[in-house]
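Q: Please build the complex by placing chain X on the supplied structure of chain Z, with the hints as guidance.
So the chains spell out like this:
2 protein chains.
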Amino acid sequence: MIQPVILCGGAGTRLWPISTHERPKPFLKLIGERTLFQQALDRVADPGRFASPLVVAGEGHVDFISQQAGDHRLIVEPAARNTAPAIALAAARLDPEAVMLVCPSDHYIADESSFAAAAGRAAELAGEGWLVSIGIEPTRPETGYGYIQRGEALGPGHRVARFVEKPDLERAREFLADGGFVWNAGIFAFRAGTFLEELARYRPEMADAVREAVRQGSEEGPRFYPAAQPFEASQGESVDYAIMENTDHAAVVAAEMGWSDIGNWDALMSARQADAQGNVCGTDARLLGSSGVMTQSDGPRISVVGLENVIVVVEDGEVLVVSRDAVQQVSKLSEGGQ
Amino acid sequence: MIQPVILCGGAGTRLWPISTHERPKPFLKLIGERTLFQQALDRVADPGRFASPLVVAGEGHVDFISQQAGDHRLIVEPAARNTAPAIALAAARLDPEAVMLVCPSDHYIADESSFAAAAGRAAELAGEGWLVSIGIEPTRPETGYGYIQRGEALGPGHRVARFVEKPDLERAREFLADGGFVWNAGIFAFRAGTFLEELARYRPEMADAVREAVRQGSEEGPRFYPAAQPFEASQGESVDYAIMENTDHAAVVAAEMGWSDIGNWDALMSARQADAQGNVCGTDARLLGSSGVMTQSDGPRISVVGLENVIVVVEDGEVLVVSRDAVQQVSKLSEGGQ
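These protein sequence lines are chains Z and X, in that order. Under the working numbering, think of the first position of the first sequence as 10, with each following residue one higher. Under the working numbering, think of the first position of the second sequence as 10, with each following residue one higher.
Looking at chain Z on its own, in the form it has when it is part of the complex (with noise of 0.2 Å):
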């Protein structure tokens, strides 16, 4: 039985306005008709093969989690410390023999049963020890993602050889054209016990914070409350920086499973079905000459005339447009961007 953590993390202020502070994008039905949230929760729900799953989040994304998905198992984290330490929550929540399998939930997976059967092999090795990366095989040379290269197998997976940082364009594209190189998703399998011994071993000062915070922390009901003084005196770090980079235990496992960061305008743009003109548009929207087009409105009519390559977003009485190749700059349009 595997059992999945789920995080909730991250405003995705690129995808303003409709993604916000006060609105996170977990929370909200990007594709399809359940939230980001919701869809990784249903990506685990076959009780064959998963545990019911354990979210991490902060405060602020509590009131969305119970209208979302009722009075779920959920630790509340007392501050956003990053992964690490919120991993490290889990963990220590858990029994040390347990396969966790952690999931970000602000990402997009269009093939549940290739990440099913990703998640039971990354298991299968994590069971064994491993601390597991799931990898997602390389569709483009993305600049926007950091790389893991494959070593000597290990049956279902690989040990990893390598992690890479964000490459340029030339090196993702040697990265493609080699074939050893996945990108790093976000997605982990490792046991319970093991994540917390190598963490004391990497990072003893954050392993000692979150394990006081846990010590001290209350339960309300199906929620966790670690205590905030240690927890906040924990720094803030990935666990790919303070782990997976540092083990000799790193595996991954590669998989293709239509998955999507859904990163900015473009990436959700890409996620989602268009039409023969390459337009992803509501019933709504009218276009006259133009291709290549989404519109997303929560009210008001859209129209456009003669563009290309072009994103209109209309939320909450804001009014975006953006060039497809200028997506990135969007976060610079939120409060506080990231």
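It should be emphasised that the hints constitute simulated quantities derived from the structure, not laboratory data. Treat each hint with caution, since some may be false.
One copy or two, either will do: identical chains are not told apart, so a pair holds if it fits within one copy or between any two.
Claimed, not checked - List time: in silico EDC-like cross-link candidates among lysine to aspartate or glutamate, alpha-carbon distance up to 20 Å: (1) 175 with 254; (2) 341 with 293; (3) 38 with 327; (4) 38 with 121.
A: What follows is chain X alone, placed relative to chain Z:
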């Protein structure tokens, strides 16, 4: 003393969504704090040069006129029959010796003193029995306007050598290079009696219909209502086709006066003041990496990222995003667009 006649007609649906059949272009504030109609009145407000203007408008315009100009002297057209019958209604209500200055109410003139000077020259020729068009010195090879070729000199103007329909680009370039052509701006001067004589000569049925409509018409305070039945029997035709292209007494006075017909969104943008990046935006709008952009909104904030030569308009629950190259297509978006 010159007798101004202000014509209110045309929905201006190429300026959708701000201009519509229910909210026509003359009654909008497009440039400055006064509507185009109010500016048309302001332009002829000097009591030392101009008599009190006579307005000709449809029933649907009456409320706008009351709101914007009070109880103004007005002829209410029973039906829309284009400019020749509208001008004839005014001519039939005036002293035959009155020199009429016929002005559209849906264009913009930046230089009012040049306009007044041109009106004076046109009125001088009109007093001598000429039917005068005030033509605009062309500044670009425009294919959207008719042209007038100047003939022999006539003191303050010239005889008309010929009227030319909207040319293709090559001919428009020739006209510009030639220097002897001006744009037909729809501004005219003639004696009321002269106009009615020429109308009786070239369009006798139209002249009869208008005479009968005025004879059977009724006065209500400052408003005159021509009789509907005879007027509706008249054909609809422009003053250019009905009179100017037929008469032997056509003259032209050329003027430079910052004229624009504001015929579409690009023309409106050109007539407004741009900043150093060529943008024309309200203070609320936000632009990143964009140039040649115009924004206009009745409330929602507009943000434009990474785009060039795009116009974004938000009005009354409609959002228009149009390339400056494609503005002619906008009228297709308006119900019953022209």
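Q: Report the numbers of all earlier hints that the structure fails to satisfy, in ascending order.
A: Checked against the structure, no hint fails, so every one of them is satisfied.
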